[in-house]
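Each chain, written out:
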Amino acid sequence: MTTLSKLWLFLVTLCGGLLVLALLVLLPELQRVRREDQAAGMQLAQRTASLLLAEQAQRLVAAATQLASDAVLSTSLEEMGRGQAELAVLHSTAQLALQRLSRDKALGAAFLLATDARGRVLARVGQDEAVYRDALDGWPLVSDALRGYRLDDLWLWQGTLYRVAAAPVVAPARDRYVGAVLVAQVVGNELAQALARLSGLEAVFLCAGQVVGASLPRERIAVPELLTLRAAGAPDRLTTWPGRGEPVAFVELPGTAANQGAALVLIGRSMAGTSPLELARTAAARGLPTPLLITLIAGMAVVFALGLLLLRVEVEAPVARLLEAVRRLETSPQSGALPASASTPVRAAPLVEARFRGPLQQLARAVNEALRTATTPSAGTKPAEPARGAASFPSPQPTLPTASPVPASAAAPVLPGPPDSTGPVPVPSGAVGPSSGPEVAIPTPLPTHIHTAETRVAVGSMADDDLQTSYYRVYQEFVLARERCQESVEGLNFELFRQRLQQSRDQIMSQHSCQTVQFHVHIKDGRATLRATPIWT
Amino acid sequence: MTRRVGILIATSAALCLGAARVGAAPVHAIVHFRQGLGALADTSRPAKLGYVRVQNGVLPIAPPLQDPRADAVLILEPPAGLEASAAPPPAPASAPLELKLYGLRLQPAVVLASPGDTVIVRNEDRLPVTLRCAGDKTLLPSTPLQPGAKLALTLPSVGEFIIDSPEYPHLRGLLLVPRGLASRLTVSEFGTVGVAHLEAAPGVYQAKLLFAGRIAASAPVMVTASGAEFVLQVPPVGTAVPGPAAASGPR
Numbered sequence: 001m002t003t004l005s006k007l008w009l010f011l012v013t014l015c016g017g018l019l020v021l022a023l024l025v026l027l028p029e030l031q032r033v034r035r036e037d038q039a040a041g042m043q044l045a046q047r048t049a050s051l052l053l054a055e056q057a058q059r060l061v062a063a064a065t066q067l068a069s070d071a072v073l074s075t076s077l078e079e080m081g082r083g084q085a086e087l088a089v090l091h092s093t094a095q096l097a098l099q100r101l102s103r104d105k106a107l108g109a110a111f112l113l114a115t116d117a118r119g120r121v122l123a124r125v126g127q128d129e130a131v132y133r134d135a136l137d138g139w140p141l142v143s144d145a146l147r148g149y150r151l152d153d154l155w156l157w158q159g160t161l162y163r164v165a166a167a168p169v170v171a172p173a174r175d176r177y178v179g180a181v182l183v184a185q186v187v188g189n190e191l192a193q194a195l196a197r198l199s200g201l202e203a204v205f206l207c208a209g210q211v212v213g214a215s216l217p218r219e220r221i222a223v224p225e226l227l228t229l230r231a232a233g234a235p236d237r238l239t240t241w242p243g244r245g246e247p248v249a250f251v252e253l254p255g256t257a258a259n260q261g262a263a264l265v266l267i268g269r270s271m272a273g274t275s276p277l278e279l280a281r282t283a284a285a286r287g288l289p290t291p292l293l294i295t296l297i298a299g300m301a302v303v304f305a306l307g308l309l310l311l312r313v314e315v316e317a318p319v320a321r322l323l324e325a326v327r328r329l330e331t332s333p334q335s336g337a338l339p340a341s342a343s344t345p346v347r348a349a350p351l352v353e354a355r356f357r358g359p360l361q362q363l364a365r366a367v368n369e370a371l372r373t374a375t376t377p378s379a380g381t382k383p384a385e386p387a388r389g390a391a392s393f394p395s396p397q398p399t400l401p402t403a404s405p406v407p408a409s410a411a412a413p414v415l416p417g418p419p420d421s422t423g424p425v426p427v428p429s430g431a432v433g434p435s436s437g438p439e440v441a442i443p444t445p446l447p448t449h450i451h452t453a454e455t456r457v458a459v460g461s462m463a464d465d466d467l468q469t470s471y472y473r474v475y476q477e478f479v480l481a482r483e484r485c486q487e488s489v490e491g492l493n494f495e496l497f498r499q500r501l502q503q504s505r506d507q508i509m510s511q512h513s514c515q516t517v518q519f520h521v522h523i524k525d526g527r528a529t530l531r532a533t534p535i536w537t
Numbered sequence: 538m539t540r541r542v543g544i545l546i547a548t549s550a551a552l553c554l555g556a557a558r559v560g561a562a563p564v565h566a567i568v569h570f571r572q573g574l575g576a577l578a579d580t581s582r583p584a585k586l587g588y589v590r591v592q593n594g595v596l597p598i599a600p601p602l603q604d605p606r607a608d609a610v611l612i613l614e615p616p617a618g619l620e621a622s623a624a625p626p627p628a629p630a631s632a633p634l635e636l637k638l639y640g641l642r643l644q645p646a647v648v649l650a651s652p653g654d655t656v657i658v659r660n661e662d663r664l665p666v667t668l669r670c671a672g673d674k675t676l677l678p679s680t681p682l683q684p685g686a687k688l689a690l691t692l693p694s695v696g697e698f699i700i701d702s703p704e705y706p707h708l709r710g711l712l713l714v715p716r717g718l719a720s721r722l723t724v725s726e727f728g729t730v731g732v733a734h735l736e737a738a739p740g741v742y743q744a745k746l747l748f749a750g751r752i753a754a755s756a757p758v759m760v761t762a763s764g765a766e767f768v769l770q771v772p773p774v775g776t777a778v779p780g781p782a783a784a785s786g787p788r
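Residue numbers (the working numbering), protein chains in the order written: chain A, 1 to 537; chain B, 538 to 788.
So the derived label-pair ranges between C-beta atoms look like this:
| id | chain 1 | residue 1 | chain 2 | residue 2 | range |
| --- | --- | --- | --- | --- | --- |
| 1 | A | R103 | B | A689 | 45 to 53 Å |
| 2 | A | L44 | B | S651 | 52 to 60 Å |
| 3 | B | E635 | A | A130 | 29 to 37 Å |
| 4 | A | R35 | B | P652 | 56 to 64 Å |
Just so you know, the hints here were simulated from the structure itself, not pulled from any lab data.
Built from N, CA and C at the ideal position, the CB exists for glycine as well.
Taking the hints into account, I'd like the entire structure generated from these sequences.
Next up, the structure:
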C-alpha cells in the first residue's frame with residue numbers, strides 16, 4: 001500500500017467516523033422533532049375532528065329545519081294537537097311526508113320522526129315505523145326543540161350512537177309551535193373512516209364502554225386499555241398508548257351520550273417503526289438540520305466517497321487485476337493443449353510482473369516463482385533454488401544429452417546465428433508477431449544486475465505429449481527470460497510459439513539429418529533469444 | 538366570631554330544649570324566582586347538548602313543557618349534630634307514593650317520602666328501562682323494568698336517593714327522605730314567587746331550596762315560639778342572571 005493509499009485510508013476512516021458521530025448526534029434530535037410534529041399533528045387532528053363533527057351537526061340541523069318547514073307536516077301536527085282528526089290518518093299522512101322529504105333531500109338519515117307539541121310521536125321513518133303516540137319529551141333535545149330551539153344531540157340508542165338534530169315545527173299561522181322534527185344519522189364506522197381519511201389517523205368512537213364505530217377492525221382495538229387510558233387523565237388530551245407507543249388523542253363528544261362516556265379516539269402511528277430516512281424527511285420539512293450542518297455532512301460524505309473511489313483505484317483495482325491474472329493461470333487456453341502428467345504439474349503462463357507495482361508486483365513475482373518451481377520436472381532434475389531476484393531463477397536441466405556443436409550453417413536459416421553450432425530461432429511476440437517474418441525477438445538492454453543464463457531443452461523424436469511439454473517448457477523459459485530482461489511479453493502466445501519451434505525443428509532436422517533438435521533460451525547482453533542445436537546421437 | 542357561634546349554638550340548644558314544651562310554630566318561606574322559567578330550565582340543565590343550539594328566528598323561545606318550579610322543595614334541616622326531635626314527625630303517607638316513567642322521564646322529578654314509605658315505580662313507556670340508585674345499590678333490581686310493569690320500593694332511611702338509568706342518562710328522579718322538614722312550593726300565577734308553609738319547633742334551622750335536582754339556595758333560619766318567615770332568592774343575590782334570550786317569561 002502506497003503512502004497515498006494510507007493517507008486516503010486515514011481520511012476515509014476519519015470522515016466515516018465523523019459521519020457516524022454526526023448521525024448519532026442528529027438522530028435523537030430528528031426523533032424529537034418527529035415527536036413534536038406528531039404531537040402537533042395530533043392536536044390538529046383533534047381540532048379538525050371537532051370542527052368536522054360540528055360542521056356536520058350544523059348541516060343536519062339545517063336539514064331538520066328544512067323538513068320542519070314542510071306544510072304537510074305542519075298541518076298534520078297542528079291537527080294532532082287539536083285532537084279532532086283521526087290519528088291514524090294523520091300518522092299515515094305525516095309518515096308519507098317524512099318519507100318523501102327523506103328521499104328528496106338525500107339525507108342519508110338513519111331515522112326521522114315528528115312529534116306534536118307535547119312530544120308525542122306522530123310518525124317515524126326508518127325505525128319502528130308502525131309505532132306512534134309514544135312520548136319522547138323526556139329527551140332534552142325534544143323538549144328544547146318544542147320550545148323553539150334548533151339543535152343537535154348525541155344519543156346512544158339501543159347500542160348505536162346517533163347524531164340527532166331537531167327543529168321546531170311552527171303552525172301554519174306562525175303563532176305557536178305545533179311540534180318538532182328529528183333527523184338522526186349514525187355515528188359509526190363510516191364517519192370514523194371519513195375522519196381517518198381526513199386526519200391520517202385511526203378513529204374510534206367509544207360510548208358506554210364499547211366501540212360503536214371505528215376505522216380499523218374492532219379486534220385490533222383494546223377497549224379496556226383505551227378506557228383506562230382515558231380515565232387516567234384529563235379529557236381532550238394527548239397521550240401515548242403504554243406498551244404500544246402509539247400517540248392517542250381523545251375528543252370528548254357532547255350531548256346526552258357524553259354522560260355515557262362518548263368520545264372519539266384518534267390513534268396515530270408508533271415512532272418505533274419510523275425509519276431514519278423518514279425522520280430525515282420530516283425534519284427537512286421543518287428546516288432541520290441547519291444548512292451549515294447539511295454542508296458539513298455533505299462535505300464529509302463527498303470526501304468519504306472520494307476516498308472510497310481512490311482506495312478502489314489504489315488497492316482494489318490492482319488486486320482485482322492480479323486476481324484476474326491468477327484466474328487466467330488456471331484457465332489458460334494452453335492448458336488444454338498440454339497433457340497433465342507428473343512431469344508437467346503446472347501448465348500456465350507466468351504473470352506479467354510489469355503490470356503491477358509495489359507489493360503486488362512482488363506478489364506476482366512470488367506467484368511466478370511458485371509456478372516455476374512447480375513446473376520443474378521432478379525426475380532427473382535438480383530441485384530449484386529459492387527465488388531471489390532474476391539471478392536466482394531456476395535453470396531447468398536438459399532432459400536430453402547435450403548435442404554436439406553444429407556449424408553455424410546448421411542453425412536455423414531464418415536467423416543469423418552465432419559462429420557456434422546454435423542459432424537464434426524466430427519467436428512470435430507482441431512486437432514481433434508471426435506475420436512479421438523470421439525475426440529474432442527485439443533485443444532489449446539488460447540491466448547490469450541481471451545475469452546471463454541459458455536454458456537448454458531438447459526437442460526431438462519423442463512422443464507428441466512429451467514434445468508438447470518440451471515446447472511449453474521452452475516457452476515458459478523464454479517468457480521468464482524476457483521478463484528478467486524486462487522485455488515486453490505482450491502478445492506472446494504459446495500456440496504461435498509452438499508452431500515456430502515446430503517449423504524450425506522440422507527444417508533443421510531435414511537440413512542436418514539429425515535425430516532431434518535442442519532449443520535453449522539464451523540471455524546475452526540483456527536480450528532473450530532462442531537457439532536451436534541439432535543433435536545426432 | 539367564636540363567641541357568636543357559641544352563643545348561637547347555646548341559643549339553639551336552649552330553644553330546642555324549650556320547644557319540647559312549647560310545641561311547633563308556623564314557618565312561612567317565600568321563594569323569589571329572579572329568572573324566567575326558560576332561564577331556570579336552562580340553568581337546571583346538567584350539561585350542554587350537541588354542537589348547535591340556536592333559536593329558530595320565527596317565534597320566540599317558549600317555556601319548557603315541564604315547570605321545574607313544580608318540583609321545588611323547601612327543606613328545613615336542624616343544625617348538624619342535633620336531631621330534629623323537636624320537630625313533629627312527618628305524617629306517614631296515606632297511599633303509596635308513585636313514580637311514573639313516561640316519555641323517558643320520571644314524574645314527578647322529586648318524591649318526598651318518609652323512612653319506611655313505599656314508592657311504586659311504574660313504566661308507562663314502550664321500552665324497557667333499567668333503573669339504578671347509586672346511593673343504595675340494593676334499592677333497585679339490576680334487571681330492566683318492562684313496559685307496563687311496576688316496582689315497589691321501600692325507602693330505608695333518611696337520605697336522597699337519586700334514580701337514573703344507564704341507558705338513558707337524561708332520565709333522573711329523586712326520592713327524598715329529608716332529615717328535617719320539607720314541603721313543596723305553591724307557585725304564584727306568574728311563577729315569580731313560591732310559598733311554603735311548615736310547622737316547626739322553635740330553633741335554628743338551615744333552610745334549603747331543592748330546585749332542579751340541586752340546592753339552589755340556602756339560608757339559616759331561627760324559628761321562635763311565634764314562628765318565622767324568611768325569603769330565599771333563586772338564583773341567590775350576586776349570581777349573574779342570563780340574558781334576555783334565556784330569560785323568557787312563563788307561558
